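A.B. asks: Protein chains in written order, with our numbering: chain A, 1 to 199; chain C, 1 to 346.
There may be inaccurate statements among the hints.
Said to hold, decoys possible - As a list, the in silico DSS-like pairs of lysine-lysine whose alpha-carbon atoms are at most 27 Å apart:
| hint | chain 1 | residue 1 | chain 2 | residue 2 |
| --- | --- | --- | --- | --- |
| 1 | C | Lys317 | C | Lys297 |
| 2 | C | Lys259 | C | Lys317 |
| 3 | A | Lys145 | C | Lys317 |
| 4 | A | Lys145 | C | Lys248 |
| 5 | C | Lys210 | C | Lys317 |
| 6 | C | Lys243 | C | Lys259 |
| 7 | C | Lys259 | C | Lys210 |
| 8 | A | Lys145 | C | Lys243 |
| 9 | C | Lys317 | C | Lys243 |
What the hints assert, rightly or not - If you want the footprint, here are the derived chain C segments under chain A, 3+ residues with CB under 8 Å:
| hint | stretch |
| --- | --- |
| 10 | 38-44 |
| 11 | 181-188 |
| 12 | 191-201 |
Rather than coming from a laboratory, the hints here were simulated on the basis of the structure.
Bear in mind that the values here come from a model prediction, so they are computed numbers and not experimental data.
Idealized CB from N, CA, C, for every residue including glycine.
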Amino acid sequence: MIEPTILSRPTYGTLEPRPGRAHLLIADDAGSAAIVDLFARAPADFHESATILSVTKDLSGDEAAALHRLSPATLTACPDMPAMLNTLAGLLAEAGMGVQIYLAGTEPLIGQAMRVVIEAGIDHSAIATEHRGSLARRVQCVHCKGFMDEVTTQPVTCAHCGLSLFVRDHYSRRLAAFQGVCINAEDQSEIVPAEEVFR
Amino acid sequence: MTITFRTETFRDDFTFRNSPAGIRRFPFPFHEDGYMYSVNIEPHRPGAPGSVFEHGFDVDEHYVAEMADRALVLAEDPLRCQALPHMDLASWDYLELVMTTKARDYPELFTLETDGDRWHWTNRPLGIDDRFTFGVTSTLPCPPLEYIGRQTQGDHCLLDQRDNNLWMDAGMVTTQADWSLDFDIGMNFFEWHAPVPLAHEMGVFQRAIKFLTSIPQGQPSRRLNWTLTVNPRLDTSPENYPKWGPDKLTVTPDTIGEKMHLRVELQTFWRLPRSNALVFPIRCYLLRFDDLVTIPKWARRMHRVIRDLPPELVTYKGMSRYHPMLVEWLAAHDDGAPTSPGIFPD
Numbered sequence: 001m002i003e004p005t006i007l008s009r010p011t012y013g014t015l016e017p018r019p020g021r022a023h024l025l026i027a028d029d030a031g032s033a034a035i036v037d038l039f040a041r042a043p044a045d046f047h048e049s050a051t052i053l054s055v056t057k058d059l060s061g062d063e064a065a066a067l068h069r070l071s072p073a074t075l076t077a078c079p080d081m082p083a084m085l086n087t088l089a090g091l092l093a094e095a096g097m098g099v100q101i102y103l104a105g106t107e108p109l110i111g112q113a114m115r116v117v118i119e120a121g122i123d124h125s126a127i128a129t130e131h132r133g134s135l136a137r138r139v140q141c142v143h144c145k146g147f148m149d150e151v152t153t154q155p156v157t158c159a160h161c162g163l164s165l166f167v168r169d170h171y172s173r174r175l176a177a178f179q180g181v182c183i184n185a186e187d188q189s190e191i192v193p194a195e196e197v198f199r
Numbered sequence: 001m002t003i004t005f006r007t008e009t010f011r012d013d014f015t016f017r018n019s020p021a022g023i024r025r026f027p028f029p030f031h032e033d034g035y036m037y038s039v040n041i042e043p044h045r046p047g048a049p050g051s052v053f054e055h056g057f058d059v060d061e062h063y064v065a066e067m068a069d070r071a072l073v074l075a076e077d078p079l080r081c082q083a084l085p086h087m088d089l090a091s092w093d094y095l096e097l098v099m100t101t102k103a104r105d106y107p108e109l110f111t112l113e114t115d116g117d118r119w120h121w122t123n124r125p126l127g128i129d130d131r132f133t134f135g136v137t138s139t140l141p142c143p144p145l146e147y148i149g150r151q152t153q154g155d156h157c158l159l160d161q162r163d164n165n166l167w168m169d170a171g172m173v174t175t176q177a178d179w180s181l182d183f184d185i186g187m188n189f190f191e192w193h194a195p196v197p198l199a200h201e202m203g204v205f206q207r208a209i210k211f212l213t214s215i216p217q218g219q220p221s222r223r224l225n226w227t228l229t230v231n232p233r234l235d236t237s238p239e240n241y242p243k244w245g246p247d248k249l250t251v252t253p254d255t256i257g258e259k260m261h262l263r264v265e266l267q268t269f270w271r272l273p274r275s276n277a278l279v280f281p282i283r284c285y286l287l288r289f290d291d292l293v294t295i296p297k298w299a300r301r302m303h304r305v306i307r308d309l310p311p312e313l314v315t316y317k318g319m320s321r322y323h324p325m326l327v328e329w330l331a332a333h334d335d336g337a338p339t340s341p342g343i344f345p346d
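I would like the entire structure built from these sequences, with the hints used as guidance.
C.D. replies: So, in structure tokens, the structure goes:
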């Protein structure tokens, strides 16, 4: 469970079925179990109006199979995040009024999908989220503006400019990223050892 | 009134200085011998002649040099000026506010002639003479917020108002005390203030948002905020922290007087007429400690404020590395005499 820290740091809930004519569910491998749990609590005909979009490391893996067993009206699996986000934008362009959005999985998945959904003009009240899986963070280096996915250490070395970055809790929904700020800018001879903290 | 604009720099050789008159008009931010957060907002009414509060947008001896420094920042990092698409109208609102106010308050420096939508703007200190159609961005050399931001001291944030909240949806930010417009753009009031310690728990932001969202047109408000900066550097952005962070290591008892600067933000809040947005100019004033202690009241008070600052604020204001040294240096300029109320010199 992600605890609230500062007010820009997002927190997440538990997916519950909502009334609506159409349901768009987005998950990564970690989030697929949350979709399965949601279906278990949903009305029997929920699957008939459900579209599931997943990003998975293994298109023929257990998580993909579990989503397939839910028999959604549409099931699309993508092999990486950019492909999923493109597909999501396409689905949203076709979506009707009142579509309910469910995002489940790691924070990079929720954050990046959320950005596409908001840009499509969906009201935030129609979006539900549930965090599952690792606490790995997507981080933007405030100095070179490069992004890193799946950051697990504090501090982290910027993959682009090489500075040692303190990963703040300060989070931008527009960038779907936490802010990384040089941890030893005042005295670069101070080396702060990295610890694995976002697991 | 004639202003002699200084030729000076805010980087590299740091030739910035305040004239004797500039020192006396500095907006010293402490009205008593201690500091804690408060919603210290007051009406932005015209103040004493010669003070920084005399006019809505203060123009001082640093104007031309500050605009040159801004141009250097923007040349390296164009994202310091951004406006989300829905903020175009608010940007024009702001351009109008600045042009009409400055042309009224400083007729020898600025002239605005309007004929319906056809406007003619003259900015003599910067050598600008432009004709454009109000509301039509293609008739300006750059978008309206950037255009007026390049001609107005201080940072400028345009805050959209919706859902009983304020949203940082546009800005020109090159003289900031360590926050990033590029990261914070699109955030609401509570989100962009999220990293500030203590104040949330004290309810400061809850009270402030109630006040700010009800500011009416024609009744601007103001507050002062402060921090310390090593060297008279305007661009203390997080983006460039690796450039200015090492300055902190150069602070020694022998260099404090010359290098340490009290950095004060005169923050004002104005309702804009067409967009109903708020504009939030954040004007930065710098005063080096050697100059500060020439005003006995300020010398005494500065010592007492810095000495008694809560540890969280020592950290947040970035002075952990040299706080004890500062207190010791300032103590030598405090004879223990009582100070008079208010911010102005005796």
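A.B. asks: Could you run down the list of hints and mark each one as holding or not?
C.D. replies: For each hint, the structure was consulted:
Restraint check: the Cα-Cα separation between Lys317 of chain C and Lys297 of chain C comes to about 23 Å, which is no more than 27 Å; the hinted pair holds. At most 27 Å may separate the alpha-carbon atoms for a hinted pair to count; Lys259 of chain C and Lys317 of chain C meet this at roughly 16 Å. Restraint check: the Cα-Cα separation between Lys145 of chain A and Lys317 of chain C comes to about 24 Å, which is no more than 27 Å; the hinted pair holds. Using a Cα cut-off of 27 Å, the hinted pair Lys145 of chain A and Lys248 of chain C holds, with the two alpha carbons roughly 24 Å apart.
In summary, the hint linking Lys210 of chain C to Lys317 of chain C is supported, as the alpha carbons are separated by about 26 Å, within the 27 Å threshold. With a C-alpha separation of about 16 Å, the suggested pairing of Lys243 of chain C with Lys259 of chain C holds against the 27 Å cut-off. Using a Cα cut-off of 27 Å, the hinted pair Lys259 of chain C and Lys210 of chain C is violated, with the two alpha carbons roughly 39 Å apart. Of the supplied pair hints, the one linking Lys145 of chain A and Lys243 of chain C holds, its CA atoms being roughly 16 Å apart against a limit of 27 Å.
Restraint check for Lys317 of chain C and Lys243 of chain C: the C-alpha separation of about 18 Å stays at or below 27 Å, so the hint holds. Remark: the stretch 38-44 of chain C is not confirmed as covered by chain A, as 0 of its residues place a Cβ nearer than 8 Å to a Cβ of that chain, below the required three. Counting residues of the stretch 181-188 of chain C whose CB lies closer than 8 Å to any CB of chain A gives 6, so the stated coverage by that chain holds, three being the minimum. Only residues whose beta carbon comes within less than 8 Å of a beta carbon in chain A count, and the stretch 191-201 of chain C has 6; three or more means the coverage holds.
Checked against the numbered hints listed earlier, the structure breaks hints 7, 10; every other hint is satisfied.
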